[in-house]
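Listed in order, the protein sequences are those of chains A and B. Residue numbers for the first sequence follow the working numbering, so the first one is 1 and each next one is one higher. Residue numbers for the second sequence follow the working numbering, so the first one is 1001 and each next one is one higher.
Because the hints were derived from the structure by calculation, they are not lab data. Since we're looking at a predicted model, the values are computed, not measured. Careful: at least some of the hints might be erroneous.
[To be verified] Straight-line Cα separation of at most 25 Å, BS3-like style, residue types lysine-lysine; simulated pairs:
{"#": "1", "chain 1": "B", "residue 1": "Lys1262", "chain 2": "A", "residue 2": "Lys131"}
{"#": "2", "chain 1": "A", "residue 1": "Lys222", "chain 2": "B", "residue 2": "Lys1179"}
{"#": "3", "chain 1": "A", "residue 1": "Lys138", "chain 2": "A", "residue 2": "Lys148"}
{"#": "4", "chain 1": "B", "residue 1": "Lys1232", "chain 2": "B", "residue 2": "Lys1065"}
{"#": "5", "chain 1": "A", "residue 1": "Lys138", "chain 2": "B", "residue 2": "Lys1179"}
{"#": "6", "chain 1": "A", "residue 1": "Lys148", "chain 2": "A", "residue 2": "Lys222"}
{"#": "7", "chain 1": "A", "residue 1": "Lys222", "chain 2": "A", "residue 2": "Lys41"}
{"#": "8", "chain 1": "A", "residue 1": "Lys138", "chain 2": "A", "residue 2": "Lys222"}
{"#": "9", "chain 1": "A", "residue 1": "Lys41", "chain 2": "A", "residue 2": "Lys60"}
{"#": "10", "chain 1": "B", "residue 1": "Lys1179", "chain 2": "A", "residue 2": "Lys131"}
{"#": "11", "chain 1": "B", "residue 1": "Lys1179", "chain 2": "A", "residue 2": "Lys148"}
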Amino acid sequence: MTVEGTSASMPPRGAWTSAPSVDRSSVTTETEGAEGAEGIKLDGISLTYNQRRSPVHALKGIDLDLASDDFVCVLGPSGCGKSSLLNIIAGYLEPTEGSVWIGGTEHIEPNAQVGVVFQHANLFPWLTIAKNIEFGVKMARLPREERKRRVDAYLELVGLSHAGSQLPHQLSGGMKQRAAIARTLATDPSIVLMDEPFSALDALTRESMQLHLRSIWQKTRKCIFFITHDVDEALLLGRRIVIMHPNPGCIVQDFMNPVFVPEGEVSFSDARAGKEFVELRRFLIAQIAVGSESGSEIENVSRSGADKRTALL
Amino acid sequence: MPVGAQRKPRKRKKTRGNAFYLGISAVSVGAVLTLWWIASRNAWVNPLFLPTPADVWYAFADIAKEGYKGSSLPAHIAASLRRIFIALAFIFVTAVPLGIICGRIRWIQAIFDPFVEFYRPLPPLAYYSLLVLWFGIQDTSKIVLLFLSGFAPLFIAAVHSSRRVPVDRFNGAKSLGAKGWRLYVYVIFPSCLPDLLTGLRTTVGITYATLVAAEMIAAVSGVGWMVLDASKYLRSDIIYAAIIIMGVIAILIDTALRLLIKRVSPWVES
Ligand SMILES: Nc1ncnc2c1ncn2[C@@H]1O[C@H](COP(=O)(O)OP(=O)(O)OP(=O)(O)O)[C@@H](O)[C@H]1O
Ligand SMILES: [Mg+2]
């Protein structure tokens, strides 16, 4: 499977069936093709949190190229710096070293070019769903008719046409999160960042949200940078999968998802049952567990986290 | 259920309508009124201190019909409310923007903080004579007094609520393209509004409490002045009537504010 415009390489077939050994130096990060006007480029990002006693090296030397229609799922043990990386891409945090490039210009401050969907829908509680979606379009000073057209289109895209006049607190968690996605997409960002957007939802809602997001991505072909704890979620949604390890946070795997269904109707239950899917999942869980063991201070916490994850599957 | 185990009757939390509690309040008010009536009727207390409810009612009816000292009762009430509302309007348009900006920008807060902190605990009467000296004995000095007494609580509510705007909400708005003053107008101000209205309730309470003091000097109208003037002639019936009028007006204002809060922030659990 080759997808134009991405730099990721696949892991060798069958690699994940053997005991995984992580060799950080072997991670491929050569860049090619993604530097088009639309692409997103992370260039040598490092981040150190300055704490009085001991500085925390949260990220070190992160290079990543994203194509304008990528769907990247980021996996990694807790505390490996996923959220920190997202905050840097969004412009909320300034990296200690390195820079973020979007379409050839450096991205320094948060703006509508980089959309963010939070774990909690984070809608403006005083605005109706329609007004929430209109917010970004209004900030972009688009004419009234265009605003209305977009609001209607995005309400429809996320299946909330009937709920436009409701206030956020009147909606279920899944509906709120869909409204948040619509609000972010309505400003037409170059990339949408999502930090565990479905983790606060119950299992059924989560699955329906995954299908929703999947179909939204198929329709819009937006670049999505999707952080998740859930290996299944990553395998079902991600065209490309990135694995991070902590201490300091870095990318150890970056490959095209071999079980990704590129087009058409997706059946998640079929996908889950596939042999390759099962093996890949096992491989990824092991990879994440290795990462959490390499942490010294957080070792126990994250190992028990990894065990739990394995046990759940 | 294991054999022989007895199911205990489950205690259900009783849910009662508002009417039940309103009923209790009505009964308790009725009881106090009755006690008042009995006590004054039997002259347990000197009628100078405690007129009968009937006396107070007649005093009220008299004021309502004939007015008090040259102005009608509505004119007295209007005079007081006018002072309060002008002061409140000035407080709202100054304390809110200033407080919000101070909450977001540390160095601006550093400019204003010492002054607010210094004058805030001062009893308003302490500087009232100065205000009279500066602004004369007309309404201006009264309004300024009310303004100063009510400014601090709303200012402080604005500072704290603008500082507490959730980081995610603020960041999210930036990522939707909001920046500069638009962040203040479209994100921070509406975020703070529920807190601001709650602060306004406190402010209304304090200005109202200062009202009588404000109408102490060189006033010829106002409900607060009525109380003071009647006390000169030992007309306790009028004092009681005026106090009850003040109390009822205060309850009405507060209720209106509470309804407004509910209306503009239906998502806030009360
Ligand atoms: N504000 C902060 N100050 C100091 N250290 C921080 C701060 N935020 C995060 N860190 C540290 O940086 C590291 C990375 O944190 P981050 O939140 O990015 O991890 P994460 O991968 O998102 O974890 P999780 O999966 O639990 O959300 C952690 O070791 C964390 O303790
Ligand atoms: Mg995180």
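Okay, the hints, checked on the actual structure:
Between B/Lys1262 and A/Lys131 the alpha-carbon distance is near 20 Å, which keeps this suggested pair within the 25 Å criterion. Between A/Lys222 and B/Lys1179 the CA atoms are separated by roughly 24 Å; this keeps the pair inside 25 Å, and the hint holds. With a C-alpha separation of about 10 Å, the suggested pair A/Lys138 and A/Lys148 falls inside the 25 Å cut-off, and the hint holds. Of the supplied pair hints, the one linking B/Lys1232 and B/Lys1065 holds, its CA atoms being roughly 22 Å apart against a limit of 25 Å.
With a CA separation close to 12 Å, the supplied pair A/Lys138 and B/Lys1179 stays within the 25 Å bound. For the given pair, A/Lys148 sits about 21 Å from A/Lys222 by alpha-carbon distance, which is consistent with the 25 Å threshold. Taking the CA atoms of A/Lys222 and A/Lys41, the gap is near 15 Å; set against the 25 Å cutoff, the hint holds. Taking the CA atoms of A/Lys138 and A/Lys222, the gap is near 21 Å; set against the 25 Å cutoff, the hint holds.
At most 25 Å may separate the alpha-carbon atoms for a hinted pair to count; A/Lys41 and A/Lys60 meet this at roughly 16 Å. Annotation: proposed proximity of B/Lys1179 to A/Lys131 holds, straight-line Cα distance about 18 Å (limit 25 Å). Between B/Lys1179 and A/Lys148 the alpha-carbon distance is near 22 Å, which keeps this suggested pair within the 25 Å criterion.
In summary, this structure violates none of the numbered hints.
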